[in-house]
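> Given next are the chains, with one letter for each unit.
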Amino acid sequence: MISTDFATFYIGGMYFGILANDVLEVNHNLELTIVPKSAKTIRGIMNLRGQIVPAIDMYEQLGLIPKNGKTERISIILQCEGHLLALLVDDVGPIIPLEHDTFEAPPNNFPMTARELVLGVHKLPEQLLVILDKSGVVNIL
Amino acid sequence: MSDDDILPEFIIEAREILDQLDIDFVKLEEAPEDNKIIRNVFRAVHTLKGNSGFFGFKRLEKVCHAAEALLGKLRDSVIVLDEKTTTSLLQTLDILRVIIEGIEKNHTEPDGEDSQLIEILGLLAKANISKNQTKVDNSENNLLTSIAHEDHVILLDTSFSESLAHPQEITGIYSESEHQVGVHVQEWHEIEPAHPLPFEAGEPVNKHHDVVPPVKVNLELLDTLMSLVSEMVLARNRLLPFSEEFGNHRLSSAIRSIDLLTLELQENMLKTRMQPISQVWSKFPRLVRDVAHKCNKKVKLIQEGTETELDRGLLDAISDPLVHMIRNSIDHGLESPSERLKQGKSETGYVLLKANHENGLVVISISDDGAGIDIDSVRTKAVEKKLITAQQAQTFEESKILDLLFTPGFSTKETVSNLSGRGVGMDVVKTNISKIGGSIDIESLRGKGTTIRIRIPLTLAIMSALFVRSNQERFAIPQSSILELVRLDLSMGDRGLEDFYGTAVFRLRNSLVPLIHLHQQLELQESHPDASDVINIVILQSSGVRYGLVVDEVLNIEEIVVKPLGPMFEDLNDFGGATILGDGRAALILDVDGIAMESGLVAKMQSKPLIDQETISRVNEEEVSMLLFELEGLNNLAIPLNLVHRLQIIRPEQIQKNGNRNVIQFGSHIMELLYLDAYVSGAKSKKWKADESIPVIVHYINAIPIGLVVSQVHDVVNTTQTLQETTPPQKGLLGCISEGNRIINVINIDEIMGMHRMFDVKTQYSVLAQLSAPE
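Heads up: the protein sequence lines correspond to chains A and B, in order.
For the first sequence, our numbering assigns the number 72 to the initial residue and increments by one for each residue that follows.
For the second sequence, our numbering assigns the number 1326 to the initial residue and increments by one for each residue that follows.
Careful, some of the hints might be misleading.
Below, simulated EDC-like cross-link-like pairs (lysine to aspartate or glutamate); rule was C-alpha separation at most 20 Å, straight line [claimed, not checked]:
id: 1; chain 1: A; residue 1: LYS108; chain 2: B; residue 2: GLU1923
id: 2; chain 1: A; residue 1: LYS108; chain 2: B; residue 2: ASP1896
id: 3; chain 1: A; residue 1: LYS111; chain 2: B; residue 2: GLU1848
id: 4; chain 1: B; residue 1: LYS1888; chain 2: A; residue 2: GLU152
id: 5; chain 1: A; residue 1: LYS108; chain 2: B; residue 2: GLU1798
If you want a taste of the chain B side facing chain A, the calculated C-beta under 10 Å gives, among others [to be verified]:
id: 6; residue: SER1552
id: 7; residue: LEU1847
id: 8; residue: VAL1886
id: 9; residue: GLY1891
id: 10; residue: PRO1892
id: 11; residue: ARG1910
I should point out that these hints are in silico values taken from the structure, not numbers from a laboratory.
Think of the CB as a built atom: it goes at the ideal place given N, C-alpha and C, for glycine as much as any other residue.
Only chain A is shown next, with the shape it has when bound in the complex (with noise of 0.2 Å):
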């Protein structure tokens, strides 16, 4: 068996992973610019030495509702089609290796809105990872 590396985080309590391939770095307190008037998703632009990255609010993109205020100071930043953009996220987990037979794909009543963003989930002993998908995070802005 394969295993795939995976970088994980949370956002909101959730454990979250994404392909590690896919993340250039992780930044912490990126100064964040809001830009009136664009998708509630679109939390701001940030600068990263010199390139302009639009924040993704993870909250807003996968429904998900904060319990005490939007606190993330921390930015995953993804490489998408020749641009960049950040995730912000409350907390970086560990880089996991992980093999396909941990994984399923999402349940039938999952939501449609989710399932675009969401390739599935690995059951992990302790927890559930849900798996993200990169170009899904891009498609649905």
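Position chain B against the provided structure of chain A, taking the given hints into account.
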């Protein structure tokens, strides 16, 4: 442009040609039958000959000509390339190189005699031999080639080719061969050069003396470098505050070095992106020829300032607009040849393309000597299209009418041609030009021609921007769009914002400027709950409309590096990009055109363009200046300033009598004094004290001055208000104007003068009557 300016280019090109020829000849030797290479070589030599001719380099031209003749024969397969021919040709190249080096050094051709070389080349060209006629002897490694030419036979040693590497020897050889055709090789080496070439040992030619051949750099690499330098500039900006914060001398000096170096780096980097405008223009002669052909017109294109440099990105951006405008000039502007003859013009029309630098901007103009724009037809069309009203059409100045050509959907050409006149055009041109921070204006003289001028910044990458604040957010506005900044202080009595048909407006001198509140436009929360008395307005010129942007605070002007926002914000028209501030934060750049569009202002202006009659009269009414003065018992009197020649304060003793008239000496004139209080309703007759200065308004009637005596002169007011006639009419008053909270009475000078004359006659008459009256 003097020859000296383009000489370096000539030299660079000549060098390139020679280098390529070196390679090609070598290739040709390996594949003598390769016609493609022969054609290339022929073309290259031909180009060099042409260029030399242009500069009047006779020696160069002659040598090239001889080589070209030989190459022509090769190309046409009249002769076959053999080693001898190749050698001679390579030798020719060496000679050419020596001449070019001489030109580079002294800007003139070095002296020298090439007739031998030319003769050899000529002989080779005439030698109609085929391969099997060439006698080759390889056994002695002493290849002898015989060339049959009439009854001469020239024998050449191939070791000759080695000696050819030294041109000075060759000249000698050739000079000898002039007299002796058919000598043995051995003798040749003993002959001293008859005409030693310049620049021998001891006088080495510095190949990089004047002209350094340019290095070709991948464009992407250049763009990457450019953006790295931009980053560097921003990083430097972040570094600068530390210098003061820490007050460490060594740190400060290091930072200062970085600062200076960055500046220099930036300047030089910008230079690398500069390209001559000829890069875009070079395709225009062909374009002009094609368009002229299609329109059945005779056109000559003249280009001036082809060496003017501007940023590469801008070059791309202006290409299409220029093409469009040139087409317009030929299709719409220039008349047909027969029409031109009728007008007394030459059959051939001219289109002049001109570029130059002006105050840090590049100015490009496209002129034609055609029919010019029919202003009246533009007026009619504009009224038809409801862009302006009939009344406006009459009152607008020509330049304002011409500006209408840039309005979307405007085209005066009756028939739509396949070249231009589709009704899209000048507006698109204008939009494209303003996208790169440029402006465009048009000037036309009926029967004489039209000139369109575009002004664009030198570079796109870095621009000057004004930072403003709205609701704690900073935004940058490109400075090229800013007309002026207005600060209204309501507590100081400035008139505030007004509502006009649902649009907030502001009176800027004599016109109404529609306003957009930035926080509303961007759906930000209002940050001024305490409704401050100060209103900051940035007056902006967008391509569609002029408007004022209300912001919370006007900050500073800074050079910014424009960054694209990326595909996620594509549908946001309010922003033109982003930039990075000194503190490392990103800030948005406002798109002046986009905001006008988004706000619906442009649509509003276009669908109801100042349509309301009242709007027109208010917006376009000329401002009138009035001089305020006072008569005894009447405070707010006014006379239109254009009726006032000057103000004069006179002493009572200056007043003299002329019959029953009071007069004073005024220059060379005798000026009659007219006491206004006698002619205006409500005024009391003022008793002047003996030592009181008398203010006089000097007014001219038919070149004769008349002094209007008033009690006191106040200031000048500018008013746009219309005069309201008073009912019933008051003596000596034309009507009144309400200006602010006061009412100004305007005197009726004509009526007063009429009364005055009547009065004069009456007094004279009464005197006569008295005289003739019976005792």
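> Tell me, in ascending order, the numbers of any earlier hints that this structure violates.
none
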